[in-house]
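Novice: This is what each chain is made of:
Protein chains: 2
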Amino acid sequence: MNAILSPSRPKASEAAISDLVAELSNRFGERVVTSAAVREQHGHTLTWVKNQPPDIVVYARTTEEVSEIVKLCAAKGVPVIPFGTGTSLEGHVNAPDGGVCIDLSLMKRIIAVHEEDLDCVIEAGVTRKELNEHLRDKGLFFPIDPGADASIGGMVSTRASGTNAVRYGTMKDVVLSLTVVLPNGEIVKTASRAKKSSAGYDLTRLMIGSEGTLGVITEITLKLQGIPEAISAGICPFPTVKAACDAVIMTIQSGIPVARIELLDEVQVRAVNLHSKLSLPESPLLLLEFHGTDASVQEQAERFGEIAAEFTDQPFEWATKPEERSRLWQARHDAYWAARGLRPGAQSVATDVCVPISRLAECVDETKKDILESGMIAPIVGHVGDGNFHVQPLVNTDDPAEVAACEAFVDRLVKRAVAMEGTCTGEHGVGQKKMKYLEIEHGEAALDLMRVLKRAIDPHNIMNPGKIVAL
Amino acid sequence: MNAILSPSRPKASEAAISDLVAELSNRFGERVVTSAAVREQHGHTLTWVKNQPPDIVVYARTTEEVSEIVKLCAAKGVPVIPFGTGTSLEGHVNAPDGGVCIDLSLMKRIIAVHEEDLDCVIEAGVTRKELNEHLRDKGLFFPIDPGADASIGGMVSTRASGTNAVRYGTMKDVVLSLTVVLPNGEIVKTASRAKKSSAGYDLTRLMIGSEGTLGVITEITLKLQGIPEAISAGICPFPTVKAACDAVIMTIQSGIPVARIELLDEVQVRAVNLHSKLSLPESPLLLLEFHGTDASVQEQAERFGEIAAEFTDQPFEWATKPEERSRLWQARHDAYWAARGLRPGAQSVATDVCVPISRLAECVDETKKDILESGMIAPIVGHVGDGNFHVQPLVNTDDPAEVAACEAFVDRLVKRAVAMEGTCTGEHGVGQKKMKYLEIEHGEAALDLMRVLKRAIDPHNIMNPGKIVAL
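From first to last, the protein sequence lines stand for chains A and B.
At position 33 of the first sequence the residue is numbered 33 (the numbering used here), and the sequence of numbers has no breaks.
At position 158 of the second sequence the residue is numbered 1158 (the numbering used here), and the sequence of numbers has no breaks.
Worth flagging that the hints you see were computed from the coordinates, not collected in a lab.
Take the hints with a grain of salt, since some may be wrong.
[What the hints assert, rightly or not] Not the full set, but computed from the structure, chain B residues with beta-carbon under 8 Å of chain A:
{"hint": "1", "residue": "F1028"}
{"hint": "2", "residue": "E1030"}
{"hint": "3", "residue": "V1188"}
{"hint": "4", "residue": "K1189"}
{"hint": "5", "residue": "R1205"}
{"hint": "6", "residue": "L1206"}
{"hint": "7", "residue": "S1210"}
{"hint": "8", "residue": "I1357"}
{"hint": "9", "residue": "M1450"}
All residues carry an ideal CB built from backbone N, CA and C; glycine is no exception.
Put together the whole structure using the sequences plus the hints.
Specialist: Take a look at the structure:
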């Protein structure tokens, strides 16, 4: 389980590292840290991937500083790992070859908010909650919500999405431009602030989802949304997961512009009730949110209610008060921690398949059967409006048989989704743990093309080595 | 004016070409054409860029055939130029180094329509009108509408958009996956059919907008939309172009989800009236379209009406009947040809800047003054909801002074837009004619990165050489 996935390059020599510590300390003083605790915190991952700490952590304050650090590392052939908040689920910030972790959490400037253009320019260390706090008084919000209060830089790096994506898209849809420090230390601005452009290769989207393997993202120009005039939310219980999925499929096909449509299976609902002291009905649930004018929110909810009635006897219940709504979504966001509470001491395994919506019910249903047969505790939550769902097996990693059984389950899950024209990861990214699935999903020629890109932009393989594609 | 922009590689030898004619003819028979008329038709461009015919035209029928052709060309180092319908405005299909034009217009299969997933899989030669014809009975439509009945492959290649983009996005937003023949003849599928994915580098968007310089796009998986329950359109005259732009800015900022909001200046309106036998009021006009339910269309139109009233005394007039609506949009789509009618015999020059919406009124206003001072005939139309507008100078290309004056005007226009954080091309693409503006817009480091990508994927520079970045 804890085997490091094919380290891609030799570790830097101890001499090179101690030289680098001296040079960096000379330049950045106390912002260079080599204590074991801090290094381990930066090799941390929320799942069962083993901690692999970097040799050095540097807290950068500006794009120019990041460029300086990268140039020093490039000169010595030392790996560079960009770090935001460390909420990655796939070992993205692990340092299998050691190296320098550039912590961007001090880069929190909100450089500009262009209210009239519905966009803003921020540094990569700003988290989504910090940004929304800043925007609230202006009547604007940033809609992408992966649950964790991740840094926007990290969200760009993994092409994150989450609960609102069904309405507002993913990170690929909301980034206008990026400032990126390339592996040679050069600083690139990927695009202008125009809402659209055909001026050459799409460098912006080349960097979105590249997980720090092509450069360090330091500044981001983001599209924003006006806070909707009206927001309403509610829950709807279903007799089976399949019935809930069928209702989702019909809702999406009907073109109802739901802002959120989230599935919790009965196991996850039990976990959430325990963790968040709620009393939700312990059957498969859909949590919904509608955005719009008063009239359109009402219309959307009515149309959803009619569809739901075809698949459940239970009523669609409103959470009209803002406090109730917040409590509901907080509970949804805490689903990951709630699930872990079902088996204290066990490790959580992240999965993230996404299939065309027509195959969703079938995919979830087969997966539920597989979970049952495997005898695992594995709650399901999902951004089902996009066909994306997370099974979260809870595993005793000290028991090799259990670990092997879980690995086999994840394998079956991914292959099931790919066979349905889906993907191994809808939003978490590849990191270390999904690398083995890229060839199954993309085929050899596409994977080769990814390697060509990596080699061309980072010929010495210093940028977050051992992630996405192994060279 | 007609100088070829730095041919990037030596032309293939006559011997290599005649060998290739023999080999291709042997394999593809009458689908290999070398007549001057057909070659010239394939080196054609709608603007003043000089015709540069390829040596050979081959009509391909399948992805595998395209792969075979590319492999033959690669073996001989002969350029490959993909061709859709030839509606490019920037010299994209010109063959400055000769070579083989692969005409994809026979690749018209609609491979699958997944109604339940709101997507379809088509071959690259299908045009947008053909696709919409096919989809109509299913209650679906493909929303991207650049005016011309372009092939979808060509629209992917230039990252096209057009009148509906303000609501439905551009080609970068509606493509789920591509099948691409790489410069070595390998066939790559860029992504699955999942609505979102974080599984590695975004090969799909790397290819969108690459204008045939990284490979030949042969199949496309596209997102579709349900035909709206209600559609309404109308026109609104304004006293000045600035007043119209100010109304657009406020409309977009208010979050009204207009489906189309198009500007025609008074010169363009006169041209349209003459060409399409209409009697539109000859002042700056906004043409609008709203999509939604009956109630929401009504609500949108009312809110727009209130905004417009702040900037004009003229009323917002409905075109309620479908025939009226079609006639209006057909007139809009014919704007290019209508404009040419203002100065018979003159050549049309395409421009395509796009700026953040807050700068739109200022940019259009300064440009109008510039046109006036230049003494040119140069109507303006624009997808102003995105900040994108086209000035279309009509130039006597036999008069060097006029040509030089127009070049200088285009230079000022692009620099004005870039200084306002905009782009030299919102939707037409770079082709040959915008290459010189890429460095002004992107800076040297970003342009270098584009060259790194081109070199890595097409090391022998056989794919549509002399476009986007010169190697």
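Novice: All hints are to be evaluated individually against the structure, with a verdict given for each.
Specialist: Each hint, compared with the structure:
With a least beta-carbon distance of about 24 Å to chain A, the hint placing F1028(B) at the interface is violated under the 8 Å criterion. The beta carbon of E1030(B) comes no nearer than 31 Å to any beta carbon in chain A, farther than 8 Å, and the hint placing it at the interface is violated. For the restraint placing V1188(B) at the interface with chain A, the shortest Cβ-Cβ distance is roughly 5 Å, inside the 8 Å limit, so the hint holds. For K1189(B), the shortest C-beta to C-beta distance to chain A is roughly 6 Å, which falls under 8 Å, so the interface hint holds.
Satisfaction of the interface hint for R1205(B) is found here, the shortest Cβ-Cβ separation to chain A being roughly 4 Å, below the 8 Å cut-off. Proximity of L1206(B) to chain A holds as hinted, the smallest CB-CB distance being about 6 Å (cut-off 8 Å). The criterion of a C-beta within 8 Å of any C-beta in chain A is met by S1210(B), whose closest approach is roughly 6 Å, and the hint holds. For I1357(B), the suggested interface contact is upheld, since its CB lies about 6 Å from the closest CB of chain A, less than 8 Å.
Evaluation of the M1450(B) hint against chain A yields a held restraint, the C-beta minimum of about 5 Å falling below 8 Å.
The structure is inconsistent with the numbered hints 1, 2, although it conforms to all the rest.
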